[in-house]
Amino acid sequence: MAQIDTSGGGGKKKKGAQKKMAIHVDFTPMVDMNMLLITFFMLCTTMIKSQTLNISLPSNEKIENEEQQSKAKNSEAITMILTTERDKDGNPKIDETGHQKNIIYYYEGKPFVEDANKDGLIDESPDGYGILRSEKFLGNDNGVEQGIRKILHNKNKEALEKIDEQKKLWREKKITDEEFQAKAREIRNDSTLTRPVVIIKATPEASWESVITALDEMQINQISRYQIDNMNQVDSALITDYIAKNRK
Amino acid sequence: MGKVKIKKKSTLIDMTAMSDVTVLLLTFFMLTSTFLAKEPVTVITPSSVSEIKVPVSNVASVLVSPEGKVFLSVLGEADLDTYDESWSSEGVRKAALREASKRYEELTGTKTNITEMDLEKFAKIGSFGVPLAKMHEFLQLDQSKQDEWLGDTSRKDNGIPMVDINYMEGDAPAVTNEFQIWMRAIRDKAGNENLTSAMKKGEGIAVKADRNTNYETIHGVLDNLQTIKMNRFTVMTALKTEND
Numbered sequence: 021m022a023q024i025d026t027s028g029g030g031g032k033k034k035k036g037a038q039k040k041m042a043i044h045v046d047f048t049p050m051v052d053m054n055m056l057l058i059t060f061f062m063l064c065t066t067m068i069k070s071q072t073l074n075i076s077l078p079s080n081e082k083i084e085n086e087e088q089q090s091k092a093k094n095s096e097a098i099t100m101i102l103t104t105e106r107d108k109d110g111n112p113k114i115d116e117t118g119h120q121k122n123i124i125y126y127y128e129g130k131p132f133v134e135d136a137n138k139d140g141l142i143d144e145s146p147d148g149y150g151i152l153r154s155e156k157f158l159g160n161d162n163g164v165e166q167g168i169r170k171i172l173h174n175k176n177k178e179a180l181e182k183i184d185e186q187k188k189l190w191r192e193k194k195i196t197d198e199e200f201q202a203k204a205r206e207i208r209n210d211s212t213l214t215r216p217v218v219i220i221k222a223t224p225e226a227s228w229e230s231v232i233t234a235l236d237e238m239q240i241n242q243i244s245r246y247q248i249d250n251m252n253q254v255d256s257a258l259i260t261d262y263i264a265k266n267r268k
Numbered sequence: 006m007g008k009v010k011i012k013k014k015s016t017l018i019d020m021t022a023m024s025d026v027t028v029l030l031l032t033f034f035m036l037t038s039t040f041l042a043k044e045p046v047t048v049i050t051p052s053s054v055s056e057i058k059v060p061v062s063n064v065a066s067v068l069v070s071p072e073g074k075v076f077l078s079v080l081g082e083a084d085l086d087t088y089d090e091s092w093s094s095e096g097v098r099k100a101a102l103r104e105a106s107k108r109y110e111e112l113t114g115t116k117t118n119i120t121e122m123d124l125e126k127f128a129k130i131g132s133f134g135v136p137l138a139k140m141h142e143f144l145q146l147d148q149s150k151q152d153e154w155l156g157d158t159s160r161k162d163n164g165i166p167m168v169d170i171n172y173m174e175g176d177a178p179a180v181t182n183e184f185q186i187w188m189r190a191i192r193d194k195a196g197n198e199n200l201t202s203a204m205k206k207g208e209g210i211a212v213k214a215d216r217n218t219n220y221e222t223i224h225g226v227l228d229n230l231q232t233i234k235m236n237r238f239t240v241m242t243a244l245k246t247e248n249d
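Chains as they are written, first to last, in my numbering: chain A, 21 to 268; chain B, 6 to 249.
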């Protein structure tokens, strides 16, 4: 391990000259041990703290809730019903990109459930509102919104455009971070703009991830008016109808 | 014939520099590390764009396992310079168990047999999730047996029960359950005002669940929180970018 080299450089030795001692301590075991300890600490630590997402549920008293719902205009209200495809064991199915197969059924305005020709299927709504459609969480593709994000983006266009203006100023360092946040909040809650009211519902088999992703979309699209609600019979009927129509 | 002499070269490498580096790294990791809290079940949280950090103090975390079992953990004040000892995690846990057990006895009439010794032991426990009636038995076990109990999701007495407890509120019949008793005890009676206000604001309640867990399971927990007017809370997520 540690050795004392007394050869002193080889060559001739002068008489009477003090012997030079080179001390070599072998540090290899020390390094080994340190590496082990580092590995231990690296594996046991959490470098990145997990994040949190704030949620506020409506209170259990339903009255205020329904009032708000009925007040919203057809063009403003959008209801999203989340569901996840699951295999026989109840695990979510995974698509080619490694994401869960989440489906979002959505309708704008009030649900349309009339069946005038009595064929057991819901008719086309005259104004296009209230008809169930399906979408997916696709995120952005080359900076362009895809899937449900595109729909939500279009719904909240006015606010998003204004916020983008502010964002530009902030990027150019013309306004500070706080100023930008305050402005963005102001725009989000500006009642003079057409802003959507989003109601998020989830079927029993919807995954937790799909719910969080939906809430995320609210943040990304700067939507300030949204709430999580429970499914009702109309919603279930709409989905059954949608599946029946698309099976053909 | 002249022999060619091969010079013997020493193969010793000076490891001093290497050692220096490793020690530095080691110091860095030791100083920056916070150990992973031990949890009865491992869950992978869904990812979100939210960048709000998880609070390190004054938070009650609700862990929901994929089977729908519920575990709780409570953290009190981390910086105790300005506060009383009872505001610490240990103090809060003790007060919460005392209160929860008292309330449980009142409502069901069953004795929980929790002693002062049990309270002391409970103060050291991170995550817990056993019925209150079995808490005494649970606290008598040693650590590895406790972990086994919490980790074994097939056990019936694993997780905080959300079975209805019927009682009379004055003259009117009312319903509650152990989960609600616990959450109320932590919010209102734990003796830490910062925790109480954090929980009222919502940042003091963190719900953690696996990304694959179905909504029906989690809805049960959220519904309970809603019932006791804890409408605002946070959910734990991992970080992702907007483009995902």
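In case anyone wonders, no lab produced these hints; they're calculated from the structure.
Careful, some of the hints might be misleading.
Unchecked claim - Derived lysine-lysine pairs resembling DSSO-like cross-links, with alpha carbons at most 27 Å apart:
| id | chain 1 | residue 1 | chain 2 | residue 2 |
| --- | --- | --- | --- | --- |
| 1 | A | Lys156 | A | Lys265 |
| 2 | B | Lys74 | B | Lys12 |
| 3 | A | Lys203 | B | Lys58 |
| 4 | A | Lys188 | B | Lys74 |
| 5 | A | Lys194 | A | Lys182 |
| 6 | B | Lys129 | A | Lys170 |
| 7 | B | Lys10 | A | Lys121 |
| 8 | A | Lys182 | B | Lys245 |
| 9 | B | Lys74 | A | Lys193 |
| 10 | A | Lys121 | B | Lys245 |
Said to hold, decoys possible - Simulated coverage check for chain B against chain A, where a stretch passes if three residues somewhere in it have a Cβ under 8 Å from a Cβ of chain A:
| id | stretch |
| --- | --- |
| 11 | 78 to 87 |
| 12 | 216 to 226 |
Cβ coordinates follow ideal geometry from the N, Cα and C atoms, glycine included.
To see whether the hints hold, each was checked on the structure:
Taking the CA atoms of A/Lys156 and A/Lys265, the gap is about 19 Å. The hint holds against a cut of 27 Å. Note on B/Lys74 and B/Lys12: the hinted pairing is violated, with a Cα-Cα distance of about 72 Å set against a maximum of 27 Å. For a cut-off of 27 Å, the pair hint linking A/Lys203 to B/Lys58 stands: about 23 Å separates their Cα positions. Our distance criterion of 27 Å between C-alpha atoms is broken by A/Lys188 and B/Lys74, whose separation comes to about 47 Å.
Only pairs whose Cα atoms come within 27 Å are accepted, and A/Lys194 paired with A/Lys182 is accepted, the gap being roughly 16 Å. Taken as a hint, the B/Lys129 and A/Lys170 pair is broken in the structure, with Cα atoms around 50 Å apart against an allowance of 27 Å. Restraint check for B/Lys10 and A/Lys121: the C-alpha separation of about 73 Å exceeds 27 Å, so the hint is violated. As the CA atoms of A/Lys182 and B/Lys245 are separated by approximately 25 Å, the hinted pair is consistent with the 27 Å bound.
For the proposed pair B/Lys74 and A/Lys193, the alpha carbon gap of about 49 Å is over 27 Å, so the pair is violated. For the suggested pair A/Lys121 and B/Lys245, the alpha carbons sit about 18 Å apart, so the restraint of at most 27 Å is met. Using a Cβ-Cβ cut-off of 8 Å, 0 residues of the stretch 78 to 87 of chain B lie near chain A, which falls short of the minimum of three, so the contact claim is violated. Coverage of a stretch by a chain is defined here by at least three residues with a beta carbon nearer than 8 Å to that chain's beta carbons; for the stretch 216 to 226 of chain B and chain A the count is 8, and the condition holds.
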